[in-house]
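Colleague: Protein chains in written order, with our numbering: chain A, 1 to 256; chain B, 1001 to 1225.
Treat the hints as calculated values from the structure; they're not laboratory data. One thing to keep in mind: the hints can contain errors.
Listed next, the in silico DSBU-like pairs over lysine-lysine satisfying Cα-Cα at most 30 Å (straight line) [what the hints assert, rightly or not]:
1. B:Lys-1154 with A:Lys-209
2. B:Lys-1189 with B:Lys-1100
3. B:Lys-1087 with A:Lys-84
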Amino acid sequence: MDEKNLNLTLKIWRQAGPTSVGSFQDFKVSVSEDSSILEMIDDLNNELEGDGKEPVTFESDCREGICGTCGLVINGQPHGPIPKIATCQLHMRNFKNGDTIWIEPFRAKAFPIIKDLMVDRSGFDRIMESGGYVSVNTGGVPDANEIPISKDVAAEAFDAAACIGCGACVAACKNASAMLFVSAKVSQFSLLPQGQPERYDRVQKMVMKMDEMGFGSCTNTYACEAECPKGISIKNIARMNRDYIKARATSENLEV
Amino acid sequence: MGWLGRTINSSIGKKFIMAFTGISLILFLLFHLAGNLTLYAGKDAFNAYVATLDTVKPIVRIVEVGLALVFLFHIFNGIKLWIENKKARPVNYAVNGSSKNSTFYSRTMIHSGSIILIFLILHLTTFWATFNFTGHPVDGSHEYFDIIIYFFQKWWYALIYFIAMILLGFHLNHGFQSAFQTFGWNHNKYFPMIQKIGSIYAIVVAVGFGSLPVYFYLSSVLGGN
Ligand code: HEM
Ligand code: SF4
Ligand code: FES
């Protein structure tokens, strides 16, 4: 087997707990080009555990770019330097022998660090609970195409629904704004007939919760779109702005 | 807080104020630039233009009050947003990757804005105050063209003016299209066009205003007027 190994220096953020002071720890590793970055940290952790040392805490689940659990900031970019992939899909062949790689957790007030590279993203869950659903009791299975939806609209809604809730948009934004995530979750419903009854209530509640959770506001740098593993478009943010202002101006609900 | 207060204080509400006031200022700058360019047509043309404005002074005063409010809202909200956004990201990354995912102009709105603010204060205490009240700093006359020459002959004044106008161009290069995005006017067909128009507008404003101090300073140094 002709396997090329890379010798790398890793600078990994270590922090014992939410309130501890963290710092970067250096590691020298030799890793196969075919390894993913998470597999590299797995190997490192095996070694650390073998030596009786504390392994590096990070999150992952599916390891195929669909669950949104993994999220590391690699050399200053969430999910690393390659566009439209998640951290788990980043392979070491994208680095060069001798490289130094900085691995940091997402940094945002709304995403407090739990340990090392693991952050608490439950702020996203609170936003979803505030309105990211359609309140229809499930009944019998509806007939296919009972509600006609044009292909273009269905595709746009699907593109918005492709958001995996990873939080890279927040991590990339200099303001730690969650606008791309929230706008994707608003748009996936507001584009479709099923989302219409709650359209204007939903956007107000979700934006209010987003502000409450301590995310920053959008300054249209579009860093989120550039770093999003699913290529969610900033057009969703424009749509949410439109819906929000319309809702604020016209909705009868004085509570939100 | 009532619904209106909550709207204005929401993240999107504050952005709307930025965009609305920003677009108002963009429109104002067009008129201001058109007037200033009469400076190139010489002393009589410029003085005649200012004299024409004088004949509609009450309207000018009303516009000035509106403009002052627009500026105050824009500046107050801009600084407030900047502080809030800093707090949302209390710890920075060790490696700053922002150049790989966003433009320089978009990341420096507060810096370009702050320089414009300093310029604005200087601008009001010199040109605006002398034109409207105190007259020519030397003899108190209201020879508007001569007042312009007086200030632009000072190298430091011309330099600050010039730098501020370049930064205004930076501010507008991002701000123009950003305001459309904030309003929700992002459409596949039109948005690329809006981005181009914004860049052209930014260049026109920066070159239009910025060339004046250069021209008048150089012509004073080289001896001609
Ligand atoms: C004639 C002068 C000015 C014009 C034409 C102008 C125009 C604009 C425009 C169009 C925007 C974009 C709004 C949006 O993103 O929706 C903007 C944003 C901004 N402006 Fe100005 N501006 C001017 C002066 C200033 C000054 C004096 C400051 C002082 C602090 C300032 C600070 C800001 C900031 C911080 C932003 C970004 C706000 C955000 O995106 O959240 N601007 N400006
Ligand atoms: S919008 Fe993109 S970056 Fe943000 S949470 Fe969804 S998938 Fe992740
Ligand atoms: S582990 Fe599921 S997206 Fe990376």
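Colleague: A separate judgement is required for each hint: does it hold in the structure or not?
Modeller: Verification of the supplied hints:
1. Restraint check for B:Lys-1154 and A:Lys-209: the C-alpha separation of about 54 Å exceeds 30 Å, so the hint is violated.
2. Annotation: proposed proximity of B:Lys-1189 to B:Lys-1100 holds, straight-line Cα distance about 26 Å (limit 30 Å).
3. Restraint check for B:Lys-1087 and A:Lys-84: the C-alpha separation of about 28 Å stays at or below 30 Å, so the hint holds.
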